[in-house]
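Chains as they are written, first to last, in the numbering used here: chain A, 21 to 294; chain B, 8 to 318.
Treat the hints with care, as some may be off.
To be verified - Partial pick of chain B residues on the chain A-facing surface, computed with a CB cut under 7 Å:
(1) 48
(2) 56
(3) 202
(4) 247
(5) 291
(6) 299
(7) 301
(8) 302
In case anyone wonders, no lab produced these hints; they're calculated from the structure. We treat Cβ as the ideally placed atom computed from N, Cα and C, and that holds for glycine.
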Amino acid sequence: MKVARSELWAGRTLLLALMAFTILPFISIFMTALHPSGTVPRGLEWPAHPQWINFVTAFNMAEMPKLFASSIFIVLSVVPATLVISTMAGFAIGLLRIPGSRVLLFLFVFGLTLPFQGIIIPIYFLERAIGIYNTRVAIALPLIALYMPFAVFWMRTHFVNMPSELSEAARVDGASTWDLFWRIHVPLARAPVASLGILTSIWTWNQFLLCLVLVEDPTQRTMAGGLGAFQGHYANNVPLLCAGTILILVPTLLIFILFQRQIITALLQGSVKG
Amino acid sequence: METSDNRPKVLVNSRRTYPNKRVRRETFVGWLFTLPALFMYAFFVLVPFLLTILYSFFRWNGVGPMTWVGVKNYVSVFQVPNLIGTIFNAFWLVVWFSFIPVGLGLIVASVIHRVATGRFGSVARTVLFLPQVIALVAAGIIWGWLLALPGLINQMLKAVGLSVITRAWLGDFHWALPSVGMVGVWVLLGFCAILLLTGMTKIDPALYESARLDGASWVQEFLAITIPLLRHEIGVCLTVTVIAALAAFDIIWVTTAGGPGNSTSVPGIQIYILAFTQRAIGLASALAVMLMVLVVIVILPIQWLTRESAQ
Numbered sequence: 021m022k023v024a025r026s027e028l029w030a031g032r033t034l035l036l037a038l039m040a041f042t043i044l045p046f047i048s049i050f051m052t053a054l055h056p057s058g059t060v061p062r063g064l065e066w067p068a069h070p071q072w073i074n075f076v077t078a079f080n081m082a083e084m085p086k087l088f089a090s091s092i093f094i095v096l097s098v099v100p101a102t103l104v105i106s107t108m109a110g111f112a113i114g115l116l117r118i119p120g121s122r123v124l125l126f127l128f129v130f131g132l133t134l135p136f137q138g139i140i141i142p143i144y145f146l147e148r149a150i151g152i153y154n155t156r157v158a159i160a161l162p163l164i165a166l167y168m169p170f171a172v173f174w175m176r177t178h179f180v181n182m183p184s185e186l187s188e189a190a191r192v193d194g195a196s197t198w199d200l201f202w203r204i205h206v207p208l209a210r211a212p213v214a215s216l217g218i219l220t221s222i223w224t225w226n227q228f229l230l231c232l233v234l235v236e237d238p239t240q241r242t243m244a245g246g247l248g249a250f251q252g253h254y255a256n257n258v259p260l261l262c263a264g265t266i267l268i269l270v271p272t273l274l275i276f277i278l279f280q281r282q283i284i285t286a287l288l289q290g291s292v293k294g
Numbered sequence: 008m009e010t011s012d013n014r015p016k017v018l019v020n021s022r023r024t025y026p027n028k029r030v031r032r033e034t035f036v037g038w039l040f041t042l043p044a045l046f047m048y049a050f051f052v053l054v055p056f057l058l059t060i061l062y063s064f065f066r067w068n069g070v071g072p073m074t075w076v077g078v079k080n081y082v083s084v085f086q087v088p089n090l091i092g093t094i095f096n097a098f099w100l101v102v103w104f105s106f107i108p109v110g111l112g113l114i115v116a117s118v119i120h121r122v123a124t125g126r127f128g129s130v131a132r133t134v135l136f137l138p139q140v141i142a143l144v145a146a147g148i149i150w151g152w153l154l155a156l157p158g159l160i161n162q163m164l165k166a167v168g169l170s171v172i173t174r175a176w177l178g179d180f181h182w183a184l185p186s187v188g189m190v191g192v193w194v195l196l197g198f199c200a201i202l203l204l205t206g207m208t209k210i211d212p213a214l215y216e217s218a219r220l221d222g223a224s225w226v227q228e229f230l231a232i233t234i235p236l237l238r239h240e241i242g243v244c245l246t247v248t249v250i251a252a253l254a255a256f257d258i259i260w261v262t263t264a265g266g267p268g269n270s271t272s273v274p275g276i277q278i279y280i281l282a283f284t285q286r287a288i289g290l291a292s293a294l295a296v297m298l299m300v301l302v303v304i305v306i307l308p309i310q311w312l313t314r315e316s317a318q
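For reference, chain B alone in the conformation it holds in the complex:
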């Protein structure tokens, strides 16, 4: 160890005489800084990632011997309707978790931006953002009750004379997935709206003023100025919400657990059931690998499209 008095001299000297030694020492110390993070990440993320891929080529019940089965698990994922169906469901969920919150969020953000700049606007912001901070499990439980037969949704439908369509929404084969999707809208709308709003406030108001002088309507303004200039923020919203849809678990687990039948089963739910109740580790791992590949395939184009235009 050096003492602090002689260090300046050492540094100045070493720059001329022993550059390699100093650089090597600094590199070594620098690597020491990354070691704790790297170790944790490698042990609990990278190793499990590789093990998931490895498991996916075996038939294994978690305790007995592992049997090599090649790509058979992947073939099963594609052939068994209950498994490939989870991937279709996940894409359906994207419409609810992603397209609706982003689309509606754009409208809400521009409304707040135009007509609610004062007190009302900031209250609206706080309120809309609220569902984003609560646990998804709590959101699921709350909506499980709202969508139940005696719950608020049916009560409101009856109040406006629509008792014909009341039902146990989460127990209905056709309506369970859209109902779960509604929970996603509730959770993600505020997040998207506020994120898009912060983007909007960065747009130069002069652009809007000149557009208005030219007699542009709200819709024209929206399409010609707001959307193109918000491409980066829209990309971020899409990325976050698409991942939330494809990797959904908490909300669905507490509302329907994938049912009725498999009508709301998504990869996350099926991976859990296969691995921890049916003990089909290999098959569950194959589905997990497919989920991870799917996320990358869907996210990369979004990132690429929105990043390029941001420049």
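Here chain A stands alone, though its shape is the one from the complex:
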């Protein structure tokens, strides 16, 4: 496309301005994190003597190794379970089209509009009643359930578009429903399952409300939940708070930079289909 020179520069300037708007906040907290702990620096100011030790202090105060282990534990219990059970359900609804699958689909899609806050109160009392309140399981189990509307819908969209000849051929060869699922359709569903895995991992890592309500001990939470508690304790120590925030952001940012193409595609498809 041919574009006028003036438009070219106006457009690039706008983009550069918006990129600065996106990046400056990160630079600001990074510089602030290097100021002496307990001081109140200005928003964007390189310190005379950078205090790299702040990162170590924040690392210890936020009990980062425990928090990290806890987040990993929660992600590893939520994501595989979500993938397995939503793929199975999506297969039954989208491909087997069992009687009642329309009703089932409607039931799951209905959940797409439910904000977490709408149902968090009974979840709290339910978990107290069954005795899992204040454990990592208290976050993991409801999260798996809360992902079901999206995850089932996502997998169903994949299975509904699979050609039926494939299944019929397998049936003629004598495949049972389980063979059909495990040997033929699961290997073909790798791409949507991988995207779903990326999405649910990010969402779990960043989950805050469930942590706040269901787990009092910050070291039993996810990264975002732990950060919320850290902010509660060190709200007045800006450099330390910034250092802690950066430490918690680093894993997410690293993963984003490594897998940016997959993550962007997954998040976009996720919203279009969802």
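With chain A fixed as given, assemble chain B onto it according to the hints.
Relative to chain A, chain B alone:
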């Protein structure tokens, strides 16, 4: 259990002789496949959903006996300014979380589409998308510092000679909500821009070329081609961002916790405070039900309008 050798025969035979038995068996197995998902969903989503509705008709402090109060909690939600006010605030937030990111996102997407197709464009895409992957809590903490009295925003205002308007943005009754809204713009702009951009790349370039041959300006092109053909993507952006606004919690909780006064209080925040600090479970549940109804009422027309035109 059958062995795999005799299965083809059984299947072929059963199709003729015992169709019902085979169908019934397959249905049964199919339902087994959905059971784990269904069970989790029912236990942790559907049951709590129904319980929220049930709680909303009671007065309850979470431990003592429950007292039936009919629709009194709903009446309170409408009458108490602090409660109904959260719903007004939520709609105000829609302007910031939804209209600005979608509007600005359209402009950004068309700029990238027209002038930044190469390296620069892909860097811009990655950078703008960045806030979407970080935790909202982290976004809130970062902006809490930027908007503080000694923070970056005031520093920049002073640098351009606007020291008169510097203030603690999040502590100001008038400016706290727009300030929180800015965080929403920061988080959601890139998401909307990139989503709209992917839609734009699917538009046939020949349309633009013929428009340009007819001497159409950028604005005419934008209004006559881009917007109508992107209706589906715009609908998706609106749906996602409107839900983000109405159900906002994380950003507001870490920046203002609803304050100062109730100037940034939204339903999510008020539900949390009512239920878990004031122990007014019934009232909190009534507000939760209203929030869920509100989301459906707002989302359905958006979905309906954009889906119809997509065909």
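Hints versus structure:
{"no.": "1", "hint": "48", "result": "holds, 4 Å"}
{"no.": "2", "hint": "56", "result": "holds, 5 Å"}
{"no.": "3", "hint": "202", "result": "holds, 5 Å"}
{"no.": "4", "hint": "247", "result": "holds, 5 Å"}
{"no.": "5", "hint": "291", "result": "holds, 6 Å"}
{"no.": "6", "hint": "299", "result": "holds, 4 Å"}
{"no.": "7", "hint": "301", "result": "violated, 9 Å"}
{"no.": "8", "hint": "302", "result": "holds, 5 Å"}
Taken one by one, the earlier hints fail for this structure only at number 7.
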